[in-house]
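Number of protein chains: 2
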Amino acid sequence: MADIMRFLEEKKGLIDGEIMRYFPKRLDIKYLEWAMGKAAYEYDLEALNGALATPIWDFLGRGGKRWRPALFLLITEALGGDPDKVKDFVIIPELAHEGSIMIDDIEDKGEMRRGRPCTHRLFGQDVAINAGSIMYFLPLLAFVKNRKRFDEKTLIRAYEAYAEEMIRIHIGQATDIYWHKGKASGIREAQYFQMCAYKTGCLARMAARLAVVLSGGSREQEEKIGRIGENLGIAFQIRDDLLSLGDEGEKFTKGKGFGDDITEGKRSLAVIHTLKAASQQDRKRLLELLDMHTTENSLIREAIGIITKYNAIEYAKGKARELVERTWKDADPLLPASEAKEKLHSFIRFAIERDI
Amino acid sequence: MADIMRFLEEKKGLIDGEIMRYFPKRLDIKYLEWAMGKAAYEYDLEALNGALATPIWDFLGRGGKRWRPALFLLITEALGGDPDKVKDFVIIPELAHEGSIMIDDIEDKGEMRRGRPCTHRLFGQDVAINAGSIMYFLPLLAFVKNRKRFDEKTLIRAYEAYAEEMIRIHIGQATDIYWHKGKASGIREAQYFQMCAYKTGCLARMAARLAVVLSGGSREQEEKIGRIGENLGIAFQIRDDLLSLGDEGEKFTKGKGFGDDITEGKRSLAVIHTLKAASQQDRKRLLELLDMHTTENSLIREAIGIITKYNAIEYAKGKARELVERTWKDADPLLPASEAKEKLHSFIRFAIERDI
Chain A
8 MADIMRFLEE
18 KKGLIDGEIM
28 RYFPKRLDIK
38 YLEWAMGKAA
48 YEYDLEALNG
58 ALATPIWDFL
68 GRGGKRWRPA
78 LFLLITEALG
88 GDPDKVKDFV
98 IIPELAHEGS
108 IMIDDIEDKG
118 EMRRGRPCTH
128 RLFGQDVAIN
138 AGSIMYFLPL
148 LAFVKNRKRF
158 DEKTLIRAYE
168 AYAEEMIRIH
178 IGQATDIYWH
188 KGKASGIREA
198 QYFQMCAYKT
208 GCLARMAARL
218 AVVLSGGSRE
228 QEEKIGRIGE
238 NLGIAFQIRD
248 DLLSLGDEGE
258 KFTKGKGFGD
268 DITEGKRSLA
278 VIHTLKAASQ
288 QDRKRLLELL
298 DMHTTENSLI
308 REAIGIITKY
318 NAIEYAKGKA
328 RELVERTWKD
338 ADPLLPASEA
348 KEKLHSFIRF
358 AIERDI
Chain B
8 MADIMRFLEE
18 KKGLIDGEIM
28 RYFPKRLDIK
38 YLEWAMGKAA
48 YEYDLEALNG
58 ALATPIWDFL
68 GRGGKRWRPA
78 LFLLITEALG
88 GDPDKVKDFV
98 IIPELAHEGS
108 IMIDDIEDKG
118 EMRRGRPCTH
128 RLFGQDVAIN
138 AGSIMYFLPL
148 LAFVKNRKRF
158 DEKTLIRAYE
168 AYAEEMIRIH
178 IGQATDIYWH
188 KGKASGIREA
198 QYFQMCAYKT
208 GCLARMAARL
218 AVVLSGGSRE
228 QEEKIGRIGE
238 NLGIAFQIRD
248 DLLSLGDEGE
258 KFTKGKGFGD
268 DITEGKRSLA
278 VIHTLKAASQ
288 QDRKRLLELL
298 DMHTTENSLI
308 REAIGIITKY
318 NAIEYAKGKA
328 RELVERTWKD
338 ADPLLPASEA
348 KEKLHSFIRF
358 AIERDI
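Heads up: the sequence lines are chains A and B, in that order.
The first sequence maps to residues 8 to 363 in my numbering.
The second sequence maps to residues 8 to 363 in my numbering.
Among these hints, one or two may not hold up.
Identical copies look the same in the list; a pair holds intra-copy or inter-copy alike.
Quick list of in silico lysine to any residue cross-link-like pairs, SDA-like style, CA-CA up to 20 Å [said to hold, decoys possible]:
| id | residue 1 | residue 2 |
| --- | --- | --- |
| 1 | K45 | L21 |
| 2 | K188 | G272 |
| 3 | K32 | R13 |
| 4 | K324 | E84 |
| 5 | K350 | I194 |
| 6 | K273 | L55 |
| 7 | K37 | S286 |
| 8 | K336 | S286 |
| 9 | K116 | G325 |
| 10 | K188 | A344 |
Hints in this document: simulated from the structure, not taken from any laboratory.
Quantities reported herein were computed from a predicted structural model and do not represent experimental measurements.
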């Protein structure tokens, strides 16, 4: 486990270096001409720093484990690819991920993120939407700048991985938004997994697919190793949803308050399982409690009481582990035995246990 | 002129047909499997229709001239390309454009668009941000689905055109947002052109570049014909900004109220020119009036009086025409003489005169 922490720490420097190269903390003409070409007229540097570099780096500077690019690098190594050749591509899943959080916070009317007010609270909603959105596209510069380092078939497959996962993440988000709006009766477990696979799993899946493609891997490897990323995302979402059902001590570490998801009426996996497994009476009462959107501690405890009565928290934890282990089993035969493969396996186990 | 109107009308059917094929009004499993592949778990059709298909088609159904895809088709013909082979790609600039308006309306806190409340007013901001954003990515399906119809070098160039213009549009938008926030002193004409080139010109430039690339055109053609699209966008922005300075009759046709830009304090080309050309006294007074954010009719008329004193409206109209004519002159030698070329030229002239 200490190995994995060290690995993440080591790679963070490389990853942040690449991000800074593709999007520096302070934009100047030299950078803009490199990234965008000579202005036909004239760039307004003050405006671009004010509305892009400053808010984006305020956000990136708050931390984040950069585990998606680390997964990308680990898979590259496990497939015998050259990490140095592909290193520019680490920015793609990472910047897209950070942008998606910034946007998600606007959509959810969030207040705080990583210990500071959300970007839209600090810089305005217009700045935050535009800054979050450019983070989906800026990393495409890694494609443009590395055009000659890869054969054309490879590049096209990589573009397709990007395109498909960027569509899927919005499909997942659409599902989640719709559920939040109260149209959440009768969500099935499989629909919950699908929503998480797309909303939370896509960018890890993109990281995994890009690693396979750029290392010259097969379509089957792309599919099955991509699935590891996807299911890691689902596992994280399941565990994240459990946190607000846990005891109050945990809220300080994750920024999610005790019982928040009960107040929100969220259909997390534990809730979905309980609604399926519970007696008619318990089921009815839990639905009542969820629809109250209560902040009353005793009512929240009552809801959690019903959920724990049906072992739904253990059920959800077990499911998270099972999903990831199943995809590992599928991908295992496609990865040659190596030290890098062992490290990848440890990383995945670490990820589900520790929820990085 | 009647020719061009007829041409647009004719192509609208084809363009809307392609959009519907890539994103139908009602999503079903067959479509989702075609677009996204089989669900690993289970799609929630109700949620996807509620949060994507319904709001997106509510918006697309409001009209729009579809002139970017029409420009794409005209350039294809003028270069001797096969419109049938490239037709799927019409959805790229069009959907991205429609998405960008939906997002722009959120950023500007807009109320109405094309005679109905903005999408975020009808469906909520979360739905609108996500729906607008997926319209940037969905059209990438045209690439994925036509992978085998083009050679790989061509496809990569087309992806690059998409990538570069999607970055630029956010650079333009960032500049405009920053200026809106009152950091608008001393904007130079060249900076205004650059902002418009990126904010308004990029998607027409993308349409033009895609047409050149997919027809097998050269890099020089891509650059210079792309520039026609870009400068058309600038010309539109200039003219759009003039509308709120015109007489009150015009507001009903464009949805922009008389004097709105004066109230907003907007640094349009006419304002920028006046601030440069005016006497010290007039300059000072105009800045005062713009900074008042007044809705008082007499003060708005006073501001417009200063602007017209320096012939700034004619100046701006002339500039719009000049920019487009200059780029046409640059591209002219690169287009073989043909009926299609004549139609393209008429289209461009029509576009700047009529502001489609």
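Tested hints:
1. K45 x L21: Answer is neither; intra-copy 29 Å and inter-copy 36 Å both fail.
2. K188 x G272: Only inside one copy: K188 and G272 sit 10 Å apart there, 37 Å across copies, limit 20 Å.
3. K32 x R13: neither (26 Å within a copy, 50 Å between copies)
4. K324 x E84: Intra 30 Å, inter 59 Å, cutoff 20 Å: neither.
5. K350 x I194: neither (37 Å within a copy, 54 Å between copies)
6. K273 x L55: between (38 Å within a copy, 18 Å between copies)
7. K37 x S286: neither (67 Å within a copy, 37 Å between copies)
8. K336 x S286: neither (36 Å within a copy, 78 Å between copies)
9. K116 x G325: neither (31 Å within a copy, 45 Å between copies)
10. K188 x A344: Neither: 47 Å inside a chain and 57 Å across chains, both beyond 20 Å.
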